[in-house]
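Peer 1: Sequence:
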Amino acid sequence: MKRRDFLSLLGASGLLAVSPTVAIAAAPSSDAANAERFRRLLILVELKGGNDGLNTLVPYADPAYYALRPQLAIAPDALFKLNDHVGLNKVIAPLMPLWENGHLAVVQGLGYPQPNLSHFRSIEIWDTASRSNQYLDAGWISRTLASNPVPSVFTADALVVGSSDLGPLAGGARAVTLGVNGDFEREARLATLTNRAGGGALAHVLKVEADVSHAAQSLGNARQTNIALKTEFPNHEFGRTCRTACETLARSNGVAVMRLTIGSFDTHQNQAGRHSALLTQLSEGVASLKSALVELGNWDDSMIMTYSEFGRRPRENQSGGTDHGTVAPHFVMGGRVRGGLYGQTPTLAHLDETDNLPWQIDFRQMYATVLERLWQLPSEDLLGGKFQSLNIV
Numbered sequence: 123m124k125r126r127d128f129l130s131l132l133g134a135s136g137l138l139a140v141s142p143t144v145a146i147a148a149a150p151s152s153d154a155a156n157a158e159r160f161r162r163l164l165i166l167v168e169l170k171g172g173n174d175g176l177n178t179l180v181p182y183a184d185p186a187y188y189a190l191r192p193q194l195a196i197a198p199d200a201l202f203k204l205n206d207h208v209g210l211n212k213v214i215a216p217l218m219p220l221w222e223n224g225h226l227a228v229v230q231g232l233g234y235p236q237p238n239l240s241h242f243r244s245i246e247i248w249d250t251a252s253r254s255n256q257y258l259d260a261g262w263i264s265r266t267l268a269s270n271p272v273p274s275v276f277t278a279d280a281l282v283v284g285s286s287d288l289g290p291l292a293g294g295a296r297a298v299t300l301g302v303n304g305d306f307e308r309e310a311r312l313a314t315l316t317n318r319a320g321g322g323a324l325a326h327v328l329k330v331e332a333d334v335s336h337a338a339q340s341l342g343n344a345r346q347t348n349i350a351l352k353t354e355f356p357n358h359e360f361g362r363t364c365r366t367a368c369e370t371l372a373r374s375n376g377v378a379v380m381r382l383t384i385g386s387f388d389t390h391q392n393q394a395g396r397h398s399a400l401l402t403q404l405s406e407g408v409a410s411l412k413s414a415l416v417e418l419g420n421w422d423d424s425m426i427m428t429y430s431e432f433g434r435r436p437r438e439n440q441s442g443g444t445d446h447g448t449v450a451p452h453f454v455m456g457g458r459v460r461g462g463l464y465g466q467t468p469t470l471a472h473l474d475e476t477d478n479l480p481w482q483i484d485f486r487q488m489y490a491t492v493l494e495r496l497w498q499l500p501s502e503d504l505l506g507g508k509f510q511s512l513n514i515v
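Here the numbering used here is used: the first residue of the sequence shown is 123, the next is one more, and so on.
No lab work stands behind these hints: they were computed from the structure.
Just so you know, even glycine gets a beta-carbon here, dropped at the ideal spot from N, CA and C.
Do not rely on the hints blindly, as some may be mistaken.
Computed Cβ-Cβ distance ranges for the label pairs, DEER-style [what the hints assert, rightly or not]: (1) Glu222 - Gln256: 22 to 30 Å; (2) Glu354 - Ala399: 15 to 23 Å; (3) Ala183 - Ser274: 50 to 58 Å; (4) Gly395 - Gly301: 21 to 29 Å; (5) Gly507 - Leu239: 18 to 26 Å; (6) Val275 - Ser254: 14 to 22 Å; (7) Pro192 - Leu239: 21 to 29 Å; (8) Ala155 - Asp445: 43 to 51 Å.
Can you make the complete structure from the sequences, with help from the hints?
Peer 2: Structure below.
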């Protein structure tokens, strides 16, 4: 079997994806050390489709913003002004208590050199932490866990809710995938290959498949247990995603990562209402997520991080929307997070040669922050270079 066909088959299983050829230079950590570090939970929230950062964190003091967006610009009185230059869209009101309590960080100008404006390629770059001209098989978290295994006592490496796409967990993580109502997306089918080959890569895949199937079965049995969270989750799709994630976490013996998805933020047309509704769902869902994590005793050891394949163009289009752009701000939240604004506010009078915003902070600095400051792991080998972590955690 060719390696490309092998990896494609893994991706089709839906429950897990494994790349037995992942090679990391870092020495494996001890089980005890990993048990301690992975109690610090990473929650990734993908804003699928490319969130419009300029209407999320609004540069209200920049006259170029209103010139570029005569229809879509957010008025200053519709903002929570964070300083004399920028303000958060008021539909994000449910997150403001986190800001006021110092547990919400807003990182401005996230991007990377030579940006790609294809949805598929750009999210692949973010998921694998690759350069724009580099193609990697495994996600950045899968590479991390290859040399720093999650202890076997944990139910799984990760929970993925709201999408069967594993994203940064593809290519090696023991990830259990659930729908927004807690249903397992599909059964792994790798066992049907048992008679085709033996040992080596396939044996490893079947072992991981067995581990994940066992985790899914355990969680399925645990669903009979009544989990009565006091937190009230919003009655929309992302609210149900957050409910499923928290109820499953409560029934588990621990996971290192949860990955949640909300979208689509691909607002080429009629953006105003759609974008406001999505930001409302995001903020309501994250606020309920925070409440549930406090209830479960996980908040002080959790870090929630949003990400998206790209931002939107500064100039609105003729369809009442915005097209694929480059940089955008993102949120980091949690009991360990040092809140505030990070990075410089983009200057709309100085766009690049494609009329997009130039990047200010490489997105891999966010990943270095997770690895070095949350999980206390060296990041250079895992990320393929030295990226300065941020003083967020």
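Peer 1: With 22 to 30 Å as the target window, see if Glu222 and Gln256 comply at their CB atoms.
Peer 2: violated (41 Å)
Peer 1: So does Ala155 sit 43 to 51 Å from Asp445, Cβ to Cβ?
Peer 2: holds (46 Å)
Peer 1: For the range 18 to 26 Å, tell me whether the beta carbons of Gly507 and Leu239 fit it or not.
Peer 2: holds (23 Å)
Peer 1: 21 to 29 Å was suggested as the range; check whether the CB atoms of Gly395 and Gly301 agree with it.
Peer 2: Holds - the Cβ-Cβ distance for Gly395 and Gly301, about 27 Å, lies within 21 to 29 Å.
Peer 1: 21 to 29 Å was suggested as the range; check whether the CB atoms of Pro192 and Leu239 agree with it.
Peer 2: holds (24 Å)
Peer 1: Is the hinted range of 50 to 58 Å satisfied by the C-beta distance from Ala183 to Ser274?
Peer 2: Because 53 Å falls inside the window, the suggested range holds.
Peer 1: Between Glu354 and Ala399, does the beta-carbon spacing fit 15 to 23 Å?
Peer 2: Between Glu354 and Ala399, where Cβ atoms are some 19 Å apart, the hint holds.
Peer 1: Go ahead and decide if the range 14 to 22 Å is satisfied by the Cβ distance of Val275 to Ser254.
Peer 2: violated (39 Å)
The earlier numbered hints that this structure contradicts are 1 and 6.
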